[in-house]
Amino acid sequence: MNSNNRTKWISLIAVVILLFLIPLFVKSPYWMLVLTLMWIHIIVAESFRYIVTTGEYSFAHVPLMGMGGYASALLAMKLGLSFWLALPLGVLIAALISIIIYYPCLKTTGTFFFFASFAFGEVMRLCWVRFRVPFGGVGGLRDIPRPDAINIPGLPTVEFTFLTHVPYYYLMLVFMLFSLLIMYLLERSRLGAIAAAVKESKVLASFVGIRVWWYEMVIFVIASAFAALGGSLYAHYTTLLVPIEFYWGLGIYVCIWAVVGGTGHFAGPIVGTIVFSLVREFLRPIPQLVPMVYGLILAATLAFLPEGLISLPSKILPWIEKGLAKVKER
Amino acid sequence: MELSTFLQMFVNGTMIGSQLALFATGLTLVYGIMLIINFAHGELYMLGAFAVFFFCEQLGLNYFLSLILAMIVVGLIGIAAERIFFKPLRGQHIPSFVMSCGLAFMFQVAAVLTFGIKDKAIDSVFPGVVNILGASVSVERLMVSLISAVLIIGFYIFLLRSRYGRAMRAVMQDPDAAALQGVSINQVCSLGIGIGAALAAAAGGLLAPVFIFNPWMGPVLTWEGFIVVCLGGKTSLPGTLLAAFILGYIKSFVTTLVDPVAALMCGAAILGLILTLRPQGLLGHE
Numbered sequence: 002m003n004s005n006n007r008t009k010w011i012s013l014i015a016v017v018i019l020l021f022l023i024p025l026f027v028k029s030p031y032w033m034l035v036l037t038l039m040w041i042h043i044i045v046a047e048s049f050r051y052i053v054t055t056g057e058y059s060f061a062h063v064p065l066m067g068m069g070g071y072a073s074a075l076l077a078m079k080l081g082l083s084f085w086l087a088l089p090l091g092v093l094i095a096a097l098i099s100i101i102i103y104y105p106c107l108k109t110t111g112t113f114f115f116f117a118s119f120a121f122g123e124v125m126r127l128c129w130v131r132f133r134v135p136f137g138g139v140g141g142l143r144d145i146p147r148p149d150a151i152n153i154p155g156l157p158t159v160e161f162t163f164l165t166h167v168p169y170y171y172l173m174l175v176f177m178l179f180s181l182l183i184m185y186l187l188e189r190s191r192l193g194a195i196a197a198a199v200k201e202s203k204v205l206a207s208f209v210g211i212r213v214w215w216y217e218m219v220i221f222v223i224a225s226a227f228a229a230l231g232g233s234l235y236a237h238y239t240t241l242l243v244p245i246e247f248y249w250g251l252g253i254y255v256c257i258w259a260v261v262g263g264t265g266h267f268a269g270p271i272v273g274t275i276v277f278s279l280v281r282e283f284l285r286p287i288p289q290l291v292p293m294v295y296g297l298i299l300a301a302t303l304a305f306l307p308e309g310l311i312s313l314p315s316k317i318l319p320w321i322e323k324g325l326a327k328v329k330e331r
Numbered sequence: 003m004e005l006s007t008f009l010q011m012f013v014n015g016t017m018i019g020s021q022l023a024l025f026a027t028g029l030t031l032v033y034g035i036m037l038i039i040n041f042a043h044g045e046l047y048m049l050g051a052f053a054v055f056f057f058c059e060q061l062g063l064n065y066f067l068s069l070i071l072a073m074i075v076v077g078l079i080g081i082a083a084e085r086i087f088f089k090p091l092r093g094q095h096i097p098s099f100v101m102s103c104g105l106a107f108m109f110q111v112a113a114v115l116t117f118g119i120k121d122k123a124i125d126s127v128f129p130g131v132v133n134i135l136g137a138s139v140s141v142e143r144l145m146v147s148l149i150s151a152v153l154i155i156g157f158y159i160f161l162l163r164s165r166y167g168r169a170m171r172a173v174m175q176d177p178d179a180a181a182l183q184g185v186s187i188n189q190v191c192s193l194g195i196g197i198g199a200a201l202a203a204a205a206g207g208l209l210a211p212v213f214i215f216n217p218w219m220g221p222v223l224t225w226e227g228f229i230v231v232c233l234g235g236k237t238s239l240p241g242t243l244l245a246a247f248i249l250g251y252i253k254s255f256v257t258t259l260v261d262p263v264a265a266l267m268c269g270a271a272i273l274g275l276i277l278t279l280r281p282q283g284l285l286g287h288e
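First to last, the protein sequences are chains A and B.
Residues are numbered in this note's numbering as their position in the first sequence, beginning at 1, plus a constant of 1.
Residues are numbered in this note's numbering as their position in the second sequence, beginning at 1, plus a constant of 2.
Hint data in this document are derived by calculation from the structure and do not stem from the laboratory.
Check before you lean on any hint, since a few could be wrong.
Said to hold, decoys possible - Derived contacts from chain A toward chain B, CB cut-off under 8 angstroms, selection only: (1) L20; (2) F21; (3) P24; (4) L25; (5) Y58; (6) F116; (7) I153; (8) G155; (9) F161; (10) T162; (11) I257; (12) P292; (13) A300.
Please read these numbers as outputs of a predicted model, since none were measured by experiment.
Glycine residues also receive a C-beta, built at the ideal position from the N, C-alpha and C atoms.
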């Protein structure tokens, strides 16, 4: 068991180092853009799964991601704050708003929570469309300031401009690894154990003295804050925010990434996001077929791998072992 | 506000309401029988409009014959989809929801590949305008409401009077008890989704001569359908009818008097408030 754990850690560190080395090999700006956006999507999908650890599916997730983007963009544009200050403040504002959204949904569970969070998220999104004055209406916000240059004495200045892709890549990568680490530690902590108990049975959890609603809200707010982080990074990367992007279309995609990847395992949403992003990129010449392929992957996964794509190796390995044993027998 | 404006809004609201009633009845059936949050229902509506377009414009059949053929074809598509895609996931909320999203993608692509991405339209079937109390109301919109009403009444007679209708109501109340009484769950599931799909196709086919349509018009209606289902009480069919007309009138009046975005906001706010304040809906029970 111990050596197994050690190989796991070594391979994990190797993957992280590889991720940091990618810009040395990939020179195409297009692929840098794809990867950069993928890191943001992984933050969002993983935080979506973090709510699922309590057994609930939130559909206010993508609107709250947008809220993070709008909050930090408006702080940077109207108050002239630096990106490095607007980002945490924007995340904080979105987290506070997520409490306002979650509070009325307190008593709802299951499908009811699904629809109620859907509804309140949609009301928030329509506010951005309706109120032109701070939010810019249908056209959204444009010319959102890019992150300020990082100036560490003794090192070359890192600038974020229209043409620099590599700094953005590292920015998103670092934020993604940071978010994943925090969510992993939270899941391993007492909070994660409580979430598992709540998922198993709310009634039983309340019998052993767990304040179910409080912990559910805490987890919802933490997860929404990570979604808002993703949204804020997205806003300052693309410098453009349009309400239609946070339509429930993206919410459905996030749900698909997480569920098809496998919500039962921490790495599930990461696998789901990577697989679906790469499928889209490889089918770039025939874009009209992409949804069809998505649908087929999704249907096959749900029918044959109910635990998600993450369970594929554990399903296939026994087969291979059996096959090898047969070969040896001969 | 003048009487004629009011009447105009009232007629529009009735038409939207009758469409939503046709559409959401299917959603309620599918949710009530199989507990599936069927996001592909709007795509069945879209396929209904395209099927009418195919039979009516491309094969040159009569409009009413095309409508009936479209209902049959889309009903069969619904049954096939249930057999292939939803059966392995029966009873699992979120996986079946995700599956229905995948199904919606596939239907959209199928429609794009078959009919192209351009907006389509069908020639008006009931041209002309009548003058009621100073308001000019198109005959088309009145006829759409009328045919919808006939279809809904027909469905209710089937539901209340026939053996299969009784089996369907029994499964909606308690699937296990119904199965113990000898009701075939598989049969009822097929029947439920078939009728639901046919009613959605009828809604699409009826609106085809009134509005233009394209392969992406489904999801918007699905969303409104879910507002209706939740407002009416999830598994309550009379509640669905009531909620459909309430939402239809709200949409019509708010769109005219304020603006379309406010109407969307009203819909979403109603959904949120009804779920948090009265989760069983208007006519449902816990």
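Right, here's what the structure says about each hint:
Look at L20/A: its Cβ only gets to about 28 angstroms from chain B, farther than 8 angstroms, so that hint breaks. With 8 angstroms as the threshold, the beta carbon of F21/A stays out of range of chain B, its nearest partner Cβ sitting at about 33 angstroms, so the hint is violated. At its closest, the beta carbon of P24/A sits 33 angstroms from a beta carbon of chain B; the interface hint therefore is violated under the 8 angstroms criterion. At about 37 angstroms, the closest approach between the beta carbon of L25/A and any beta carbon in chain B exceeds 8 angstroms, and the interface hint on this residue is violated.
Because the beta carbon of Y58/A sits about 6 angstroms from the nearest beta carbon in chain B, less than 8 angstroms, this interface hint is met. With a cut of 8 angstroms, the hint placing F116/A at the interface with chain B holds, because the nearest CB-to-CB distance is about 6 angstroms. Evaluation of the I153/A hint against chain B yields a violated restraint, the C-beta minimum of about 45 angstroms exceeding 8 angstroms. The beta carbon of G155/A comes no nearer than 51 angstroms to any beta carbon in chain B, farther than 8 angstroms, and the hint placing it at the interface is violated.
With a least beta-carbon distance of about 34 angstroms to chain B, the hint placing F161/A at the interface is violated under the 8 angstroms criterion. With a least beta-carbon distance of about 36 angstroms to chain B, the hint placing T162/A at the interface is violated under the 8 angstroms criterion. Against a cut-off of 8 angstroms between C-beta atoms, the interface hint on I257/A holds, since the closest Cβ of chain B lies about 6 angstroms away. Hint status for P292/A relative to chain B: holds, with the closest Cβ pair at about 4 angstroms, below 8 angstroms.
Hint status for A300/A relative to chain B: holds, with the closest Cβ pair at about 5 angstroms, below 8 angstroms.
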